[in-house]
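Colleague: Sequence:
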Amino acid sequence: MKSLTPASTCSVSTKGIHGMQIVHRYGPCSPLGQENSPPDSRQILKKDQARVRSMNSLTSNSKYATNGEGIVTADSFPPQAVTLFGRDIGAGNYVVKAGFGIPKRDFNLIFDTGSELTWLRCGSNGYQPSESSTSINATCN
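Using the UniProt record's numbering, read the sequence shown as starting at 1 and increasing by one per residue.
Everything labelled a hint here was simulated from the structure, so no lab data went into it. Idealized CB from N, CA, C, for every residue including glycine. Keep in mind that the hints are not guaranteed to be accurate.
[Stated by the list, open to error] The calculated lysine to any residue pairs, modelled on SDA-like cross-linking and capped at a C-alpha distance of 25 Å, are:
1. 15 <-> 40
2. 97 <-> 124
3. 97 <-> 56
[Said to hold, decoys possible] Simulated restraints on C-beta separations:
4. 47 <-> 132: 33 to 43 Å
5. 101 <-> 41: 14 to 24 Å
6. 98 <-> 11: 30 to 40 Å
7. 136 <-> 11: 37 to 47 Å
Turn these sequences into a full structure, and let the hints steer you where they fit.
Modeller: As structure tokens, then:
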């Protein structure tokens, strides 16, 4: 369980100039502050179990494509699942800073290593598409 908890001291890599610094959301390098204490081992396991139950409930009564081991494939997973997992179950233990738009504006993104998506908040406290010369609306066809 020790591998699931953040380090006690902040250590930043100095290798290269390109790349992203990934930090634990409860660690000493986190830009989110220490408003919440890190979960203990028991809380981590409870959240993991809740996430598995949530995923199973979304797929148990439906027909989704599975691989040879009975695991639902990512391309057939229910779209509502990606919005539930991290937010509602407390996943997403890592933070990365990324810049968006021209001119660039930096944002701290919480991401879930069990998902292929990271969300960027838009609106008054987030990314403003109208303020970027490179932002366009994406349509779903």
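Colleague: A separate judgement is required for each hint: does it hold in the structure or not?
Modeller: For each hint, the structure was consulted:
Simply put, residue 15 and residue 40 have alpha-carbon atoms about 31 Å apart, too far for the 25 Å limit, and the pair is violated. Under the criterion of a C-alpha separation no larger than 25 Å, the hint pairing residue 97 with residue 124 is consistent with the structure, at around 19 Å. For the hint pairing residue 97 with residue 56, the CA-to-CA distance comes to about 32 Å; that exceeds 25 Å, so the pair is violated. In this structure the supplied range 33 to 43 Å holds for residue 47 paired with residue 132, their Cβ-Cβ distance being about 35 Å.
Take residue 101 and residue 41: their Cβ atoms lie about 40 Å apart, and the range 14 to 24 Å is violated. About 21 Å separates the C-beta atoms of residue 98 and residue 11, a value inconsistent with the hinted range of 30 to 40 Å. About 39 Å separates the C-beta atoms of residue 136 and residue 11, a value consistent with the hinted range of 37 to 47 Å.
Hints 1, 3, 5, 6 from the list above are not met by this structure, while the remaining hints are.
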